[in-house]
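*Asks:* First to last, the protein sequences are chains A and B. Going letter by letter, the first sequence gives residues 1 to 483 in this note's numbering. Going letter by letter, the second sequence gives residues 1 to 185 in this note's numbering.
Do not rely on the hints blindly, as some may be mistaken.
In silico contact screen, one side only, chain B against chain A (beta carbon under 10 angstroms); selected entries [said to hold, decoys possible]:
no. : residue
1   : Cys16
2   : Cys19
3   : His20
4   : Cys64
5   : Cys88
6   : Gly93
7   : Ile101
8   : Cys106
9   : Leu112
10  : Pro115
11  : Ser116
12  : Pro127
Pairs of lysine to aspartate or glutamate, DMTMM-like flavour, derived with a Cα cap of 25 angstroms [to be verified]:
no. : chain 1 : residue 1 : chain 2 : residue 2
13  : A       : Lys355    : B       : Asp27
14  : A       : Lys239    : A       : Asp265
15  : B       : Lys5      : B       : Asp27
16  : A       : Lys142    : B       : Asp27
17  : A       : Lys331    : A       : Asp210
18  : A       : Lys325    : A       : Asp254
19  : A       : Lys165    : B       : Glu167
20  : A       : Lys18     : B       : Glu67
Calculated from the structure, these hints are not laboratory results. Predicted model only: the values in this text are computed from it and were never measured. We put the CB at the ideal spot given by N, CA and C, even for glycine.
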Amino acid sequence: MAQKITIEPVTRVEGHGKVTIHLDEKGNVVRSRLHIVEFRGFERFIQGRPYWEAPVLVQRLCGICPVSHHLAAAKALDVIVGAGTGTGLSHTAEKIRRLMHYAQIFQSHALHFFHLASPDLLFGVDADPKVRNIISVARVNKELAVQGVLMRKFGQELIQATAGKKIHGTGAIPGGVNKNLSEEERDKFTKGAAPMNPGAMVAWAEEAIDFFKQYYKKNKEFIDTFSVFPSNHLSLVRKDGALDLYHGNIRAIDSEGKVILHDVDYQEYFNYIHEEVRSWSYMKFPYIAELGETEGWYRVGPLARLNTCNFIPTPLAQKEFEQYKANTDGKPNNMCMHTHYARLIELLHAAEVIKDLLNDSDLQGNELVRRGEKKHEGVGVIEAPRGTLFHHYRINDNDQVAMANLIVSTTNNNEPMNRAVNHVAKTMMTGKKEITEPMMNAIEVAIRAYDPCLSCATHAMGEMPLHIQVITADGMVVDEIKR
Amino acid sequence: MERKKIIVATASLAGCFGCHMSILDIDERILSLIDLVDFNKSPINDIKKFTEYCDIGIIEGSCCNSENVHVLKEFRKNCRTLISLGECAIMGGVPAMRNGIPIRECIEEAYLNSPSVKGHNPEMVLPNDPELPMLLDRVYPCHEIVKIDYFLPGCPPRADLIYAALEALITGNEMKLPYEIVKYD
Numbered sequence: 001m002a003q004k005i006t007i008e009p010v011t012r013v014e015g016h017g018k019v020t021i022h023l024d025e026k027g028n029v030v031r032s033r034l035h036i037v038e039f040r041g042f043e044r045f046i047q048g049r050p051y052w053e054a055p056v057l058v059q060r061l062c063g064i065c066p067v068s069h070h071l072a073a074a075k076a077l078d079v080i081v082g083a084g085t086g087t088g089l090s091h092t093a094e095k096i097r098r099l100m101h102y103a104q105i106f107q108s109h110a111l112h113f114f115h116l117a118s119p120d121l122l123f124g125v126d127a128d129p130k131v132r133n134i135i136s137v138a139r140v141n142k143e144l145a146v147q148g149v150l151m152r153k154f155g156q157e158l159i160q161a162t163a164g165k166k167i168h169g170t171g172a173i174p175g176g177v178n179k180n181l182s183e184e185e186r187d188k189f190t191k192g193a194a195p196m197n198p199g200a201m202v203a204w205a206e207e208a209i210d211f212f213k214q215y216y217k218k219n220k221e222f223i224d225t226f227s228v229f230p231s232n233h234l235s236l237v238r239k240d241g242a243l244d245l246y247h248g249n250i251r252a253i254d255s256e257g258k259v260i261l262h263d264v265d266y267q268e269y270f271n272y273i274h275e276e277v278r279s280w281s282y283m284k285f286p287y288i289a290e291l292g293e294t295e296g297w298y299r300v301g302p303l304a305r306l307n308t309c310n311f312i313p314t315p316l317a318q319k320e321f322e323q324y325k326a327n328t329d330g331k332p333n334n335m336c337m338h339t340h341y342a343r344l345i346e347l348l349h350a351a352e353v354i355k356d357l358l359n360d361s362d363l364q365g366n367e368l369v370r371r372g373e374k375k376h377e378g379v380g381v382i383e384a385p386r387g388t389l390f391h392h393y394r395i396n397d398n399d400q401v402a403m404a405n406l407i408v409s410t411t412n413n414n415e416p417m418n419r420a421v422n423h424v425a426k427t428m429m430t431g432k433k434e435i436t437e438p439m440m441n442a443i444e445v446a447i448r449a450y451d452p453c454l455s456c457a458t459h460a461m462g463e464m465p466l467h468i469q470v471i472t473a474d475g476m477v478v479d480e481i482k483r
Numbered sequence: 001m002e003r004k005k006i007i008v009a010t011a012s013l014a015g016c017f018g019c020h021m022s023i024l025d026i027d028e029r030i031l032s033l034i035d036l037v038d039f040n041k042s043p044i045n046d047i048k049k050f051t052e053y054c055d056i057g058i059i060e061g062s063c064c065n066s067e068n069v070h071v072l073k074e075f076r077k078n079c080r081t082l083i084s085l086g087e088c089a090i091m092g093g094v095p096a097m098r099n100g101i102p103i104r105e106c107i108e109e110a111y112l113n114s115p116s117v118k119g120h121n122p123e124m125v126l127p128n129d130p131e132l133p134m135l136l137d138r139v140y141p142c143h144e145i146v147k148i149d150y151f152l153p154g155c156p157p158r159a160d161l162i163y164a165a166l167e168a169l170i171t172g173n174e175m176k177l178p179y180e181i182v183k184y185d
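Using the sequences plus the hints, can you model the full thing?
*Replies:* What follows is the structure in C-alpha cells.
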C-alpha cells in the first residue's frame, strides 16, 4: 500500500517547515520534500520606503542573526551612497562593522554548539528525545551549559556595544557606522573579570574543539558516513584566498575542488546565480547559472567555507584547519556531520579576530561615514553564520527603494537540505514495515547539520516537535507518531 | 515544601524569532528560571500537543496564514494567561507592512520579477501546492483573533522586561516597570 509520511512542523523560523515522504507499495521512497510554508513578502512591501531604512527594516527577516542582514543591507547601500564596496569605508567604520559581525558569528556558533549540538553529543543521537535539550545539559553538566550561556552573552554584549542593541540594532548606516567604540566601552571587554574577556573566550572555543575531536574519535564511522553526498561549495573569500566572513569575492568549487566561479565580483551575482521556483515551497532553489538547475546547486556555510578558502588568517584556527583538512587529504569535505567541526573552527577564529580587533585603536577613531557619488543600485554580500547572504537594492530619484532582492543563507542550502532528507529517508526507511522514532530523529539530525536559521532557534531549548502521519493512497491515516 | 512548578508554553507565529532570542538573552538567569518553570508545548522543545493546562502562554509574531490562527486559538484554549510578546504579536509589526498591498503583487515580486528569477521561470511557477497553508487577506495582530491578557512591547522586548514579567507572574507580586526597560522600537 502506498504511503505518505508527514513530519510537521520541522522548523519555525522564516516560516514553518515540514517534511513529506511518499512511499510506494514496496516501501520504496518515491519522493521526499522539505516544504517551507511561510511567506512574508519583504521584496514587495519594502518598495517605496526610504533606502536608509533598509538595514533596520530588512533585518526583521530574522531575529537569530539580524546582524548579518543589517550589515548586508548596509554594504549594498554603501555602494548606493558612493562609498564603494568593502574597502571604501573609513578604517574605523569597517573595523566596527567587523567587530559586530564576528561577535555575531561567535554568539551564533556558540548557540548552535552548546544549545543545539551538545545534547546530541552528550546523550547520543538515539537518546530519549525528552532529555535531548539544553535544560537537561544544564542538569547533568552545569559547567558546559554555563559556558554556552556566557559565550553567547559575550557575543551579544559586543553586538550591543557596536550596534546599540543585542537584537535588531542600528549601528551600521549607509557609508559607515553611527558610533565608534569608546575606550571605556572597550575596557569592559578587554579588562573584563574572567571569564568575560577575549582570552577566556579563545580558551573556551579551543575546549569546544577538543570536546568535538574526542567525540569524533569515538564515533568516527557515524560522523564520516552519515548523509554524505558530493556537492558544489560556494562562499566569499578574501583576495588572497583567506577565510573572510565580512567581505570578499565569490568563489565556487565542485566536489573534487575544481574551481567553478573564480573569485568573481558579487556586484554581478545575478549573472552567476539564478533561482528556480518550485510550486511546493516558498523557499526558492538557487543554482550556478552556468551549470543549470540540476547540476548547479551548491552548499554554503561553515563546511563550504572551509572548502573554498585556502587558509584561515588567525594562528590557532589555522592550526586546527590544517588538522581538519588532513582528514580529507586536503580535498573538499562533503561529509555533512563535519559541518559541526568546521563551525567550531570558525568559532575559534571569531574569538581570535575579536581579541585582535579589540586591541586596535582604529575602533576609537572619529571618521565614521564616507560618501561619494550617488548610484541607483547596489549589492551587499556577507558570510552570515549559516552561509552566503545576498542583498540587492535599486532606488529611484526620490531615494525610495524601487527593487529589493534577497537570497538568504538558508535558501542557498535549500537543495542540499532536500538531498539530505532524501538520502536519509532512502537509507533508513526503504522496505521497512514500520516507521520508527529513530528514523525520524535521523531526518532531523540531517537537517540540523545545516543549522538552518529556523532550527537553530527551534532547538534552543530542546527537540523539534515532530508529527508523522502514515497515510494510504486514498488519504486514510493508518499510523501516527507524535512527540 | 516544594512549590508546584509554573507551566509555560511558547509559540512563534509570523515573526522573526527575535523575541524568543530575547528570552535567551536573560543569560545566566535562565539557569535559575528552569528551577521554577517547566516548559510545555513550544517550538523550542519536543511537545507538539498540549499535555496539560498551562499557566502562561507566550506568543511571538502575528497571524499571516491559516496555520497561525489555528495555533493561536489552541494557545488561548490551553493557557490561563496569554501574553503578546513584541510588536508583531501586538500590532502586526513589520510583516503587516504587506497589508496595503494585494498579496498577488507580493508573490509575483518574489517569484517572477526578482533579478535572480526574471527570465529563468518561463512557466511562471508560483508556490501553490496544497501542502502550503492558505495566506490570509492581511496580517492580523493576536488580540484581533483571541483575547490577550498582557502585552510586552519592543522589537524585541528587552530581556529584562521579559524576565520582570515572568518573575511577577511566577511570584504573584506586582510587576515593576522602570522606564528604562520598556521600549517601543
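*Asks:* If a hint holds in the structure, say so; if it doesn't, say that too.
*Replies:* Hints, one by one, checked against the model:
1. Taking 10 angstroms as the C-beta contact cut-off toward chain A, the hint placing Cys16 (chain B) at the interface holds, the least distance being around 4 angstroms.
2. For Cys19 (chain B), the shortest C-beta to C-beta distance to chain A is roughly 7 angstroms, which falls under 10 angstroms, so the interface hint holds.
3. With 10 angstroms as the threshold, the beta carbon of His20 (chain B) comes within range of chain A, its nearest partner Cβ sitting at about 6 angstroms, so the hint holds.
4. The criterion of a C-beta within 10 angstroms of any C-beta in chain A is met by Cys64 (chain B), whose closest approach is roughly 7 angstroms, and the hint holds.
5. The restraint placing Cys88 (chain B) at the interface with chain A holds, with a minimum CB-CB distance near 9 angstroms, inside the 10 angstroms limit.
6. Satisfaction of the interface hint for Gly93 (chain B) is found here, the shortest Cβ-Cβ separation to chain A being roughly 7 angstroms, below the 10 angstroms cut-off.
7. Evaluation of the Ile101 (chain B) hint against chain A yields a held restraint, the C-beta minimum of about 6 angstroms falling below 10 angstroms.
8. Because the smallest distance between the Cβ of Cys106 (chain B) and any Cβ of chain A comes to about 3 angstroms, under 10 angstroms, the interface hint for this residue holds.
9. At a threshold of 10 angstroms, the smallest CB-CB gap from Leu112 (chain B) to chain A is about 8 angstroms, leaving the interface hint in force.
10. Because the smallest distance between the Cβ of Pro115 (chain B) and any Cβ of chain A comes to about 4 angstroms, under 10 angstroms, the interface hint for this residue holds.
11. Hint status for Ser116 (chain B) relative to chain A: holds, with the closest Cβ pair at about 5 angstroms, below 10 angstroms.
12. Hint status for Pro127 (chain B) relative to chain A: holds, with the closest Cβ pair at about 5 angstroms, below 10 angstroms.
13. Among the hinted pairs, Lys355 (chain A) with Asp27 (chain B) is consistent with the structure: their alpha-carbon atoms are about 22 angstroms apart, no more than 25 angstroms.
14. Only pairs whose Cα atoms come within 25 angstroms are accepted, and Lys239 (chain A) paired with Asp265 (chain A) is accepted, the gap being roughly 11 angstroms.
15. At most 25 angstroms may separate the alpha-carbon atoms for a hinted pair to count; Lys5 (chain B) and Asp27 (chain B) meet this at roughly 20 angstroms.
16. A threshold of 25 angstroms between alpha carbons decides the hint, and for Lys142 (chain A) with Asp27 (chain B) the separation of about 14 angstroms falls inside it, so the pair holds.
17. Distance check on the hinted pair: Lys331 (chain A) and Asp210 (chain A) sit about 23 angstroms apart at the alpha-carbon level, within 25 angstroms; holds.
18. For the given pair, Lys325 (chain A) sits about 16 angstroms from Asp254 (chain A) by alpha-carbon distance, which is consistent with the 25 angstroms threshold.
19. For a cut-off of 25 angstroms, the pair hint linking Lys165 (chain A) to Glu167 (chain B) stands: about 23 angstroms separates their Cα positions.
20. With a C-alpha separation of about 13 angstroms, the suggested pair Lys18 (chain A) and Glu67 (chain B) falls inside the 25 angstroms cut-off, and the hint holds.
When each numbered hint is compared with the structure, no violation occurs for any of them.
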